[in-house]
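Student: At position 239 of the sequence shown the residue is numbered 581 (my numbering), and the sequence of numbers has no breaks.
Worth double-checking, as some hints may not be accurate.
Stated by the list, open to error - Calculated lysine-lysine pairs in the DSS-like style (CA-CA distance at most 30 Å, straight line):
1. Lys506 to Lys415
2. Lys484 to Lys595
3. Lys451 to Lys409
To be verified - Label-pair restraints from in silico Cβ distances:
4. Ser471 to Gln550: 34 to 42 Å
5. His382 to Asp541: 43 to 51 Å
6. Lys446 to Asn542: 33 to 41 Å
Derived by calculation from the structure, the hints in this document are not laboratory data.
Note that the Cβ used here is the ideal one computed from N, Cα and C, for glycine as well.
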Amino acid sequence: MTEDDRPGQFLIAPESQEPENRAEASAVRAQTLNHQVEVHVETSNVSDVDETFFKDRWDVVVAAGLKPEDIFKVNLICRKLDIKFFATNVFGMFGFFFSDLLDKHVFRKPVRGIFSPYGGKEENMVIRSEQYVPFDYVVNHKFDKVYDFFYASPWYFAMRGLLKYVDKHGCTPTKEIGDFETVRLLVNDEVASAYRRDDNKVPVSYIQLSLGPPVPVICQMVGSMLVKEIIKAGTHVEEPYNNVYLFDPVRRKSEVAKISGR
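Please put together the full structure from these sequences, using the hints given.
Tutor: Following this line, the structure appears as structure tokens:
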């Protein structure tokens with residue numbers, strides 16, 4: 343845990359001192375939110391755990407602020423154990439989360455104007471299903487059609503470049519000019535890898551907004567949207583996002599990108 347963690351994590355107690363990790367520093371305040379739920383802190387390194395750590399313990403796993411390689415690992419373990427999986431992170435004023443509700447997620451969707459043949463009673467729910475893909479499909483996706491590439495959100499490519507930075511450096515980028523140039527090149531490389539070279543696909547201003555420690559209000563907004571999706575996934579009511587949620591700080595709106603990868 344560092345001082346940069348405090349603004350973006352309101353659950354960290356003021357008296358918490360380094361080198362406590364964020365989970366340990368947040369445990370007391372997290373427990374006070376709901377006394378009917380037991381809060382347990384694990385201090386194991388994610389890179390050291392295997393599937394026995396997850397087996398028969400959770401229905402949903404959320405990976406927050408992890409390196410891409412650890413996200414890949416946990417995601418594959420969750421798929422093997424039929425556990426629903428989410429991953430999230432916030433970079434400056436930009437935030438995202440990814441959802442993998444496995445190969446077939448069934449849910450009830452409210453509809454209007456459908457009547458039952460038995461007595462003419464209105465039915466307001468229908469059963470639907472959605473297929474999801476693993477995280478590595480999303481961050482390595484290649485566009486086959488110029489139409490899909492053209493309409494793809496610039497923030498999707500910004501996310502890929504930022505994750506590449508975390509993978510290489512083990513931390514989020516700062517506002518230093520060196521980090522800005524590194525992220526800019528990584529983002530442009532991701533654009534080229536996805537379809538073709540287009541250095542204007544992601545504006546420079548977007549990259550500038552994605553640098554520095556997480557902005558608290560963005561953490562709260564992305565976190566609240568993530569909680570709603572977790573509830574949808576657990577209750578199987580309403581259609582969940584499939585599969586990447588992006589918060590656009592420029593237009594101050596949410597975007598959902600469906601990246602199939604297949």
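Student: Taking the hints in turn, state whether each one holds.
Tutor: To see whether the hints hold, each was checked on the structure:
At roughly 16 Å between alpha-carbon atoms, Lys506 and Lys415 fall within 30 Å of each other, so this suggested pair holds. The straight-line distance between the Cα atoms of Lys484 and Lys595 is roughly 25 Å, inside the 30 Å bound, and the hint therefore holds. Distance restraint check for Lys451 and Lys409: the Cα-Cα separation of roughly 34 Å exceeds the 30 Å cut-off, and the hinted pair is therefore not satisfied. Hint check: Ser471 to Gln550, Cβ distance near 41 Å, so the stated range 34 to 42 Å holds.
Here the CB-CB span from His382 to Asp541 is close to 47 Å, well matched to the stated 43 to 51 Å. A C-beta distance of roughly 39 Å is found between Lys446 and Asn542, which places it inside the suggested range of 33 to 41 Å.
The structure is inconsistent with hint 3 alone, although it conforms to all the rest.
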